[in-house]
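One letter stands for each residue in the lines below.
Number of protein chains: 2
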Amino acid sequence: MKKIKIEKKILSENQRCSIENKSFLAERNKLCLNMISSPGSGKTTILVRTITELQGRIKIGVIEGDVQTDIDAERIRATEAPVVQINTEGACHLSAVQIKKALKKLPVDDLDLILIENVGNLVCPSAFELGEAGKVVVLSVAEGDDKPAKYPAIFAKSKALLINKTDLLGHVDFDIERAKTDARRLNKTIEIFPVSAKTGQGMADWYDWLTKTLKRTNSQQ
Amino acid sequence: MKKIKIEKKILSENQRCSIENKSFLAERNKLCLNMISSPGSGKTTILVRTITELQGRIKIGVIEGDVQTDIDAERIRATEAPVVQINTEGACHLSAVQIKKALKKLPVDDLDLILIENVGNLVCPSAFELGEAGKVVVLSVAEGDDKPAKYPAIFAKSKALLINKTDLLGHVDFDIERAKTDARRLNKTIEIFPVSAKTGQGMADWYDWLTKTLKRTNSQQ
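Chains as they are written, first to last, in the numbering used here: chain Y, 1 to 221; chain G, 1 to 221.
Hints are not guaranteed to be accurate.
Not everything, but these chain G residues come out facing chain Y in the computed CB check (under 10 Å) [stated by the list, open to error]:
#	residue
1	Asn21
2	Glu27
3	Thr88
4	His93
5	Val123
6	Ala149
7	Asp173
8	Ile176
Bear in mind the hints are in silico, worked out from the structure with no lab data behind them.
Cβ atoms here follow ideal geometry from the backbone N, Cα and C, with glycine treated the same way.
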């Protein structure tokens, strides 16, 4: 029983701070998405291509979450987009408190969209709200089509699923229809985008969704 | 300060049970390895091939850890090796208490080697001892060569690293020497095996290491 009480307390502290972040972003009319996946699914490559190809149309800032190193933040910095690195020093997910601090370091007023790249982990980050408007889960085809069934929480909670590395489809055993069906069984409204962030294939549909979601955010203000 | 105290208490409960498991296995002269990786690195495929190709030489039992489903246990069951499925129902790692219960369900006395397939997660499982003699980390080349640097804890703690899916090396950007160098910077004695569990390439070296490690276990008794 004691364990359950402690867990509730930590979650509610995170919850309180995530509500503050949500209000902060809503007052400023900024869309914020929390990107979650296994390590190596290609989140950073997706971010780099998205920032580069939407340059001049959508102003994007990034919060990079990593256990260690600023390898990913360096890749984002090369696009000239503003980026804040958070090193969790061993922790398995980002917290709303970390995002609150990071938002103070970003030029939020100059941005349209804030993309959070969470720690590479398909389990823990799904349980921690950061103040985002929605979660985006990324699954690489190299990881296998059974992942929505095996790690259901994040697929159930996400607004969009990017099935990345479709350029490898001829070389791995991945039934894209099985992954889609399993994801939709968990989440009827999830938007699914098969993409290759390496070649650019399919990315236009993801950009259209981002643009529409941004417009919806603006019209709600 | 309070948070630190709580964490210590939970870890020490797990620690106590992991020591019990270690004694249980040592008394019976059984080698137990804890396999850890991101989701979709190919742990189950490695297990299936290892069990099949070592049939008649090493008797292997498996403890399968998954957040949900028994998809992996079913694949192991097809090899006719004894397998116990643990569903963590959302938890991000296996615990020593779960392993203690699973060991009671396995025909331990009839086995030489017990392989634990932990939940797919490169972060959390590294912090929880289960009573194993050693950890084995699996990294798929599709995940990228920067993973030892970005997720150092598990590479620092493992006895062996399997770099899997080498059949994809022509199709992904993965510098095998960078991954090896970074892993050895964290862990001078780590044994590294580039393998393709799909094609079988490189698996013989892994089997040799397993055989030697088993012999060492037996001679220590």
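Hints, verified against the model:
no. : hint   : verdict
1   : Asn21  : 21 Å, violated
2   : Glu27  : 31 Å, violated
3   : Thr88  : 9 Å, holds
4   : His93  : 8 Å, holds
5   : Val123 : 4 Å, holds
6   : Ala149 : 5 Å, holds
7   : Asp173 : 8 Å, holds
8   : Ile176 : 15 Å, violated
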